[in-house]
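This is what each chain is made of:
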Amino acid sequence: MSYYDPKDLRKFGDITEWSEELGTKFFDYYGKVFEEGALTAREKSLIALAVAHTEQCPYCIDAYTKDSLQRGVTKEEMMEAVHVGAAIKSGATLVHGVMMMNKVNKLDG
Amino acid sequence: MGKLKTQSLQKRDSDLAQSNRQLEILSNGIFKTGELPTFAKKIKETTNHFPLRPRKLEILQINVGYMCNQVCEHCHVDAGPDRKEIMTWETMEQCLDVIRNTGAHTLDLTGGAPEMNPHFRRFVEEASKAGIKDFIVRSNLTIIRANKKHYDLPDFFKKHNVHVVSSMPHWTRGKTDKQRGEGVFDLSIKALQELNARGYGMPDSDLRLDLVYNPSGAFLPGDQDAMEKDFKKALMEDFGIQFHSLFAITNLPIARFLDYLIASENYEDYMYQLVEAYNPAAVQNVMCTNTISISWDGYLYDCDFNQMLELKVASKVQHISEYNEEVLNDRDIIISQHCYGCTAGAGSSCQGAVTE
Numbered sequence: 004m005s006y007y008d009p010k011d012l013r014k015f016g017d018i019t020e021w022s023e024e025l026g027t028k029f030f031d032y033y034g035k036v037f038e039e040g041a042l043t044a045r046e047k048s049l050i051a052l053a054v055a056h057t058e059q060c061p062y063c064i065d066a067y068t069k070d071s072l073q074r075g076v077t078k079e080e081m082m083e084a085v086h087v088g089a090a091i092k093s094g095a096t097l098v099h100g101v102m103m104m105n106k107v108n109k110l111d112g
Numbered sequence: 041m042g043k044l045k046t047q048s049l050q051k052r053d054s055d056l057a058q059s060n061r062q063l064e065i066l067s068n069g070i071f072k073t074g075e076l077p078t079f080a081k082k083i084k085e086t087t088n089h090f091p092l093r094p095r096k097l098e099i100l101q102i103n104v105g106y107m108c109n110q111v112c113e114h115c116h117v118d119a120g121p122d123r124k125e126i127m128t129w130e131t132m133e134q135c136l137d138v139i140r141n142t143g144a145h146t147l148d149l150t151g152g153a154p155e156m157n158p159h160f161r162r163f164v165e166e167a168s169k170a171g172i173k174d175f176i177v178r179s180n181l182t183i184i185r186a187n188k189k190h191y192d193l194p195d196f197f198k199k200h201n202v203h204v205v206s207s208m209p210h211w212t213r214g215k216t217d218k219q220r221g222e223g224v225f226d227l228s229i230k231a232l233q234e235l236n237a238r239g240y241g242m243p244d245s246d247l248r249l250d251l252v253y254n255p256s257g258a259f260l261p262g263d264q265d266a267m268e269k270d271f272k273k274a275l276m277e278d279f280g281i282q283f284h285s286l287f288a289i290t291n292l293p294i295a296r297f298l299d300y301l302i303a304s305e306n307y308e309d310y311m312y313q314l315v316e317a318y319n320p321a322a323v324q325n326v327m328c329t330n331t332i333s334i335s336w337d338g339y340l341y342d343c344d345f346n347q348m349l350e351l352k353v354a355s356k357v358q359h360i361s362e363y364n365e366e367v368l369n370d371r372d373i374i375i376s377q378h379c380y381g382c383t384a385g386a387g388s389s390c391q392g393a394v395t396e
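From first to last, the protein sequence lines are chains U and R. Basically our numbering = 1-based index in the first sequence + 3. Basically our numbering = 1-based index in the second sequence + 40.
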């Protein structure tokens, strides 16, 4: 058995049982964040899907893949969103290369 | 049209072609162990609508036959070219008697592809004289382009002021063809353009053209208004197509959709989704409370889904030949776990969402 059980996602709401005030505040906030605002709920779903991948959260990937499908998002759009996440992730790694270059230049320039 | 997706469950001799087998599945497993509550238990606990009873009859829905030129992956009717159940003219005449005297304001013809019934046009001509306010034909669109003899259907619909309601699972070719068969998207687009050319679906036109969206897989439909905006934008930008409203309909776990859920190992998860999305506010407006469904052989049902499960109305009156609206309205509606499909989220009916 893996550490992650897909069925646990259904129990997410149960976290409120051990800390009602904080749990409720979190879910109120969460619900509000995903409401239609300056961004559409569809755009938010795609952002969440990309972040789910960079966070490598299996529950979030499960939830926001389904959420995207429900909002009519195509698989091409979903994969592009994942690439956006991946590009930022790899960019964030690579941009540190400048630090490395600075250090080399200082020590051995 | 290209290759058909599959054959009907009936033709395949599938276990699930039997309605009692479907009902058994819906009552066993997670519902038998109590892991999930039955629909009856749920509405008993959360509403005062148990037993579920009809309100005023508003919609007469007539299924004129299960024959269809398409074999969509998730069809709850298990329709297809191999289905031979077709309403006879004799039964249609009995329907016409009812249509002329009913208090319902909407007449809703469905199938299969209703246009494939050989008496379809004669029936529409007669029914349109009865003065019913809203006369719907559920057209799958491809039938309009399937054969030369159907090419003039848009003119025919216009002549009789028919309200056209058509299925469109997505605004992209790939997702539509996956669900409804190769080539369906292109033919549907052509048919929609033909309807637009007659004035159907145009902003100020009385010729109503609505689209039905149901998800292409094991997930629930998103918000109806948001989906409508996306559909309108994409169909206008890509093809210059206009339509009035989008009805978002939840797939009910019966017939070919149930078969798909089981085969893809999504059944339990899907039932969880439906139960988790249960909305008590949708219960009072579920379509069985204002609709009577009539089958090709004249029997009466609470809805088209109960028709496919062969659950006839719990009334002394069970056939169109003995139709009596008052007696019929005094009945309990038959429910099972498939009913969760109509109470999920904003609710679902043949007219789309049932709550604001």
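The set of hints was computed from the structure by calculation and includes no laboratory data. All residues carry an ideal CB built from backbone N, CA and C; glycine is no exception. Watch out, some of these pointers could steer you wrong.
[Claimed, not checked] Quick look at which bits of chain U chain R covers, simulated, 3 or more residues with Cβ under 8 Å:
#	segment
1	41-55
2	66-73
[As the list claims (entries may be wrong)] Capping the alpha-carbon separation at 30 Å, the derived lysine-lysine pairs in DSS-like fashion look like this:
#	chain 1	residue 1	chain 2	residue 2
3	R	K273	U	K47
4	R	K81	U	K69
5	U	K106	U	K69
6	R	K218	R	K230
7	R	K269	U	K35
8	U	K69	R	K173
9	U	K78	R	K81
Status of the hints after comparison with the structure:
Counting residues of the segment 41-55 of chain U whose CB lies closer than 8 Å to any CB of chain R gives 3, which reaches the minimum of 3, so the coverage claim holds. Given a C-beta distance limit of less than 8 Å, the hint that chain R covers the segment 66-73 of chain U holds, as 3 residues qualify and 3 suffice. Restraint check: the Cα-Cα separation between K273/R and K47/U comes to about 19 Å, which is no more than 30 Å; the hinted pair holds. Restraint check for K81/R and K69/U: the C-alpha separation of about 28 Å stays at or below 30 Å, so the hint holds.
Note on K106/U and K69/U: the hinted pairing is violated, with a Cα-Cα distance of about 45 Å set against a maximum of 30 Å. At roughly 18 Å between alpha-carbon atoms, K218/R and K230/R fall within 30 Å of each other, so this suggested pair holds. Restraint check for K269/R and K35/U: the C-alpha separation of about 22 Å stays at or below 30 Å, so the hint holds. Under the criterion of a C-alpha separation no larger than 30 Å, the hint pairing K69/U with K173/R is inconsistent with the structure, at around 39 Å.
A distance of roughly 38 Å separates the Cα atoms of K78/U and K81/R; the hinted pair therefore is violated under the 30 Å criterion.
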